[in-house]
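Please arrange chain H on chain Y, whose structure you already have, making use of the hints.
As they're listed, the protein sequences go chains Y and H. Just so we're aligned, residue 0 is where the first sequence starts under numbering that gives the first Met the number 0, counting upward by one. Just so we're aligned, residue 0 is where the second sequence starts under numbering that gives the first Met the number 0, counting upward by one.
It should be emphasised that the hints constitute simulated quantities derived from the structure, not laboratory data. Some hints here could point you the wrong way.
For identical chains, the list gives no copy identity; a pair is met inside one copy or between any two copies.
[To be verified] Cut-off 27 Å, straight-line C-alpha distance, at most; resulting in silico cross-link-like pairs (DSS-like, lysine-lysine): (1) Lys1 x Lys166; (2) Lys35 x Lys118; (3) Lys32 x Lys147; (4) Lys80 x Lys189; (5) Lys35 x Lys80; (6) Lys110 x Lys6; (7) Lys6 x Lys115; (8) Lys110 x Lys35; (9) Lys20 x Lys118; (10) Lys43 x Lys32; (11) Lys32 x Lys110.
Number of protein chains: 2
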Amino acid sequence: MKILEDKILAHGRVLPGHVLKVDSFLNHQIDVKLLKAMADELYKEFEGAGVNKILTVEASGIAIATMVADRFDCPLVFAKKHKTSNVVGDVYSVPVHSYTHNRDYNIIVSKNFLTKEDKVLIIDDFLANGCALRGLINLVEQAGGEVKGCGIAIEKGFQEGGASLRKDGYKVCSLAIVENMTDNSLTFRK
Amino acid sequence: MKILEDKILAHGRVLPGHVLKVDSFLNHQIDVKLLKAMADELYKEFEGAGVNKILTVEASGIAIATMVADRFDCPLVFAKKHKTSNVVGDVYSVPVHSYTHNRDYNIIVSKNFLTKEDKVLIIDDFLANGCALRGLINLVEQAGGEVKGCGIAIEKGFQEGGASLRKDGYKVCSLAIVENMTDNSLTFRK
Chain Y
0 MKILEDKILA HGRVLPGHVL KVDSFLNHQI DVKLLKAMAD ELYKEFEGAG
50 VNKILTVEAS GIAIATMVAD RFDCPLVFAK KHKTSNVVGD VYSVPVHSYT
100 HNRDYNIIVS KNFLTKEDKV LIIDDFLANG CALRGLINLV EQAGGEVKGC
150 GIAIEKGFQE GGASLRKDGY KVCSLAIVEN MTDNSLTFRK
Chain H
0 MKILEDKILA HGRVLPGHVL KVDSFLNHQI DVKLLKAMAD ELYKEFEGAG
50 VNKILTVEAS GIAIATMVAD RFDCPLVFAK KHKTSNVVGD VYSVPVHSYT
100 HNRDYNIIVS KNFLTKEDKV LIIDDFLANG CALRGLINLV EQAGGEVKGC
150 GIAIEKGFQE GGASLRKDGY KVCSLAIVEN MTDNSLTFRK
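Next comes chain Y alone, as it looks inside the complex (with noise of 0.2 Å):
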């Protein structure tokens, strides 16, 4: 998606441990305005598909999440991260381990909020080794909904996740893939 390509070419920050800083538009600042065209995109991938929920989870997916849920007319769901194992109440969960930030967490919905007539489309802002993406589908299968697919903003394409996904019979579609990244220049996947 060109408008999103140039966005990070333009106010993208690469830094050590390949870590690109989009927080000037995408999830600390947000431009609206990009989300929304990107949830447009998104819609047209995955219209028709019966899509009747979007899942996503805190903090940084629900923003785009919600345009994107805005777009096909349906709930939202974000999943919520629990610090401990120790989860209780009538919920799914799942553990999920955070790269970024090197520790482990659940990530955990109400059962009332995702059921086995769900279609659902999972939104999250970055996918790399595919964790939290993993996370998310486990907590769908777990209620016996189906994933209808993955829409993503930016995928680190030199990660392996995406690629695993997509040979697990997944449709990923990410508006923008990352081919390489260094400190002074950075390619997309065409």
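Okay, now just chain H, sitting in the frame of chain Y:
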């Protein structure tokens, strides 16, 4: 706002300790159509005030703030929560006490995303004692920006936050103000 009040009466649940659960439509599963109607209402209240930035705090304020930012056609910034007081980097930071979780944390915003040019509308899902809003106001004022007001989904009118902020001269617009709440009744301020 009648449709929000009706939704609270139909789907809200009162739990011990004056907890109002609205997680089926506002802060876990989200009714995006309701959110849009709420954003329209807040736009009516604050249009003409020169708002050029929307500020909220992660996580449950983000969805409604996204819709409000869309309505105002301006950027959204969400403050991040830090568990430790050991905040580094070029950020504005302020300690906030959470009565819900009975702990202190810092909320932070990068200095790049709040400036003295900003005329800020602060958005959150709940207003009770006002600690979170006071923190967000403090961040705007640290940056030399101007707080144009606060737009809230649900205010607990029986707690002191809203009254105290209004007494200090802030325009606070809450779309539903719960006057009184017990296990089997809930009344709104008219």
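Evaluation of the provided hints:
no. : hint           : result
1   : Lys1 x Lys166  : within (26 Å within a copy, 49 Å between copies)
2   : Lys35 x Lys118 : both (22 Å within a copy, 23 Å between copies)
3   : Lys32 x Lys147 : both (26 Å within a copy, 22 Å between copies)
4   : Lys80 x Lys189 : neither (34 Å within a copy, 37 Å between copies)
5   : Lys35 x Lys80  : both (26 Å within a copy, 26 Å between copies)
6   : Lys110 x Lys6  : between (38 Å within a copy, 20 Å between copies)
7   : Lys6 x Lys115  : between (38 Å within a copy, 25 Å between copies)
8   : Lys110 x Lys35 : between (30 Å within a copy, 26 Å between copies)
9   : Lys20 x Lys118 : between (32 Å within a copy, 25 Å between copies)
10  : Lys43 x Lys32  : both (17 Å within a copy, 20 Å between copies)
11  : Lys32 x Lys110 : between (33 Å within a copy, 22 Å between copies)
Checked against the numbered hints given earlier, the structure breaks only hint 4 and satisfies all the rest.
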